[in-house]
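Asker: According to mature numbering (1 follows the signal peptide of the UniProt record, and there is no 0), the sequence shown holds residues -24 to -1, 1 to 875 in order.
Check each hint, because a few of them may be wrong.
Claimed, not checked - Pairs of lysine-lysine, BS3-like flavour, derived with a Cα cap of 27 angstroms:
(1) Lys88 to Lys473
(2) Lys263 to Lys250
(3) Lys862 to Lys406
(4) Lys406 to Lys473
(5) Lys113 to Lys124
(6) Lys406 to Lys124
(7) Lys32 to Lys384
(8) Lys262 to Lys250
(9) Lys384 to Lys473
(10) Lys862 to Lys402
(11) Lys402 to Lys113
Calculated from the structure, these hints are not laboratory results. None of these values were measured; they are calculated from a predicted model.
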Amino acid sequence: MPSISRENARIWLLLTIFFLTILSRNDGPALITGPFMGASRLGRLRDAHRVLNSTKWGDFDPHEAVEDAPPWQAPRFLNLTGFRQTDGYAWVDLPYFRDRCRQWSRHAYPPKDGPDEWDHGPVPKTWQNATGTVHGKWVRRPGSVVRKASGYNLTAIAPGVDWVDSHVEWGWNVTGSHGTILLRLAEDADDAPYEEETEEGQRPRSAGMAREISAVADIQDEANSAPSFAVRLHGVHWPRQGSILLTTTTEKFSGIFGLPHLAPGPDFFQSSQKLLNRTLGEVLRKKERRRFADPSNPWTPVVEEEISVPLPRCEYIMYLQLHPLDPIFIGETGLDDQLVPVVDQLENELRFPTGAPSRGTPDLRMSLVAWSPDCAYYLESKGPPLFPSVEGQHLVGVKSEVLLSRTKAWMFGFAAVLMAQLWLLKTQMKESNTPSTLGRISFQTIAMMLLADGLVFACSSAWSLSATNTFLPSLILTFAAFMSMAIGAGFLSEIHKHQEPERRREQNRTNEANASRTPPAAAPSPAAATSTSPGMLPAPVTAGSAARPSSPPVIIPSDQDIDAEIAENAASGAAALTLPTTRTPPTTTTTTATTTTTPPRPRVSAFASITGTFVTIGIAILILTAMSMAWPPRARAALFHALAFAYLSLWLPQIRRNARRNSRRALAWRFMVGQSALRALPLAYFYLRHDNILFVEPDAVAFAVLVAWLWLQLVVLAVQDVLGPRFGLPRSWAPEVWEYHPVLREDDAEAGGLPIGLVSAASSSSSAGLGGGGAGDSAASSPVAVAAGRRRSWSFGDGGGGEGGGEDGARRREREKELRRHGMALRSIDCAICTEVLEVPVVRANAKDPSAAGGLVGVFARRVYMVTPCRHIFHTKCLEGWFRYKLQCPICREELPPL
């Protein structure tokens, strides 16, 4: 049994430690940490907790000092980090912050008559559990004082902390005038809230019940090019009032311990102090009981630590006021027929679905006032009454249960779209199962589809590894993406294999062209040719030059893509049949005395290297997308628009290949239209729906441009199918290929340009005279056309390929007269495939270019027949059907160029 190298084990151990060190959070719990670090921070947290318990309402009153004021009117501060007067924070704006909180609350709940302005009645009319996601717009307002980073002494504020640079601009500092915010709130309904005791017959106060809550705010400054940032906040939720107060907690700001003193009133202070006294004490006791030191901050505002050293950032205090639910859902009183609050019924149905009938689920709405006490500015949600409703509706979102249900539905729908794409792919694979049909398909078009399916598979796989509530739909989506990717990879491999001869021929032509442009090497001089090394006699004059070793034989592949089919026929016994002789260009051979055959060396499959390219491109796209999350909104939107535009340009390579190969259509219309619609459908969800699961801003104009671009490609494909793949293109834009739908002229009879079978008819017609208009000019005078019981197919008629029915004489004579008027005659010939009569128009000798030979009418006329390079003519549908299996002439077995 082979043993594992110890050196390799050491390398793997070092790499593991390195990546764990790099990827670990700066404030995350460490396994073994210096005892002094954990003890120092834990001691500071314990001191802050004692201050929380020993203070009362009014101990923190940081107003401006007034001269000659009595001592009891002097400003009062707390012995907490950031709450001290010496720290220099802009606490003079605290009354304005509380006033703004009161205004938002009064706007949501108009004040009622009574001593308590915060009393909203005994029936709750807003969500009692605020867990959900909301988003909206904000505007920035400066504070009454100006604070800059250079004006703070962080060493005095937070001693013992080694800041990166206290004089640089702080992080999380919003300088723009407007932007957006995405707020994800979470509160555990199973945690026991604090609820004050009331006497019998006394109604509980609205601020008498409090529950702990946390939130993550993604703030985007749209006025500047600054990237977005995410900050985590912790605080208290008063469900009866619908008010939420959140704050950050860092080394320079003990926000969670001073939060009760930031509350709107004394009732809020009392309930929040009791709640935080219990919950914060439990957290600290757990940290003290840990075996290893834990210097982490349980209430850290950092969502993702970027570097391993502390950075000074702006602190935030947020006040959220939940809006009452729409009376359409809860009624005017908020009670049902049994006098049970409707809000409680809605929340119980969301948490524990029973299928009870309801009027729907209302949105989660709230107002926002955010204040930074150290950076001195406000962020307020945009909406009434300060702004009209058309400019903003404050923060609007959905409950977490509703978002989870929408996410599941979207995953199931996306999986259904992938399965529909897979069904279309399977049907196309059945139709494109021969070398000829596979050679028409663009490798890049199918590769773009495969790359998109691979990205979906990678993302869904990563999501399913950590999914809990969405595990089943994410697993189904992963399976659908895997099947689409696997079957698509097999189809792409077949295309690559059958197009390999074509790529080799193009490479050989390129090499020959480069070799022809390279000047020949100069012949060696006689002196150099007869020079010998010292000590050796020169060779005699009659001695010939040394024989060169024989070169390995060069195998020139066939210029058609039927090699695989010939090999299969030879293996199955068809080699005994006489194969058609193909014309090969003359080559000069050199006979050598001996030939050394070198066995071919095994080489790596070319498709395997292409697979590696796909993986590299996919990883690059994923990394670029992840990096763009921190970009400015315009740059991020431009990246997503560019990726969507490139993704929906999947038919461009097929259009190019059709023009190069002179192939009208390679894929079924059902496949092209279906794939276009299905692949644009997931993008339409995010571009058009306002309530999408990612809360991205919709952009109907950009999606209209993408759809127009996609359908423009389909229109070009339709034009190529109907009017020809090179319709409207200059001749110099594409390589020369054989034209299977040429204009037939009697002048080409002598030059051998007319198809075999039409030459005799053309000669007899010419001998009869060009100016006559008798019946001898018509197809009826041809001996081929008078065959009894034969169906006719005419290029100007409705039928084609032997499928058109017989036409009456009057209609036929009218068409012949129309042809003679344009200087053309009708000729007939048998199609060797369907054995039916094919009638085609031929331009008369010495006649001017008729109008029917060019333009759209001429294009449609020539679509009914196809002429091969060996001068045989067939129905278009017949020969196209033959080309699906063989690229050989059905009559003479001459190899034909691909269609």
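Asker: Now look at each hint and say whether the structure bears it out.
Answerer: Now the hints, each set against the structure:
Taking the CA atoms of Lys88 and Lys473, the gap is about 80 angstroms. The hint is violated against a cut of 27 angstroms. For the hint linking Lys263 to Lys250, the alpha-carbon distance of about 21 angstroms falls within 27 angstroms, and the restraint holds. Between the alpha carbons of Lys862 and Lys406 the distance comes to roughly 17 angstroms, so the proposed pair stays at or under 27 angstroms and holds. At most 27 angstroms may separate the alpha-carbon atoms for a hinted pair to count; Lys406 and Lys473 meet this at roughly 17 angstroms.
At roughly 25 angstroms between alpha-carbon atoms, Lys113 and Lys124 fall within 27 angstroms of each other, so this suggested pair holds. Restraint check for Lys406 and Lys124: the C-alpha separation of about 70 angstroms exceeds 27 angstroms, so the hint is violated. Distance hint between Lys32 and Lys384 is unfulfilled; the C-alpha atoms sit about 48 angstroms from each other, more than 27 angstroms. Annotation: proposed proximity of Lys262 to Lys250 holds, straight-line Cα distance about 19 angstroms (limit 27 angstroms).
Of the supplied pair hints, the one linking Lys384 and Lys473 is violated, its CA atoms being roughly 40 angstroms apart against a limit of 27 angstroms. For the proposed pair Lys862 and Lys402, the alpha carbon gap of about 22 angstroms is at most 27 angstroms, so the pair holds. Restraint check for Lys402 and Lys113: the C-alpha separation of about 47 angstroms exceeds 27 angstroms, so the hint is violated.
Of the numbered hints listed earlier, those contradicted by the structure are 1, 6, 7, 9, 11.
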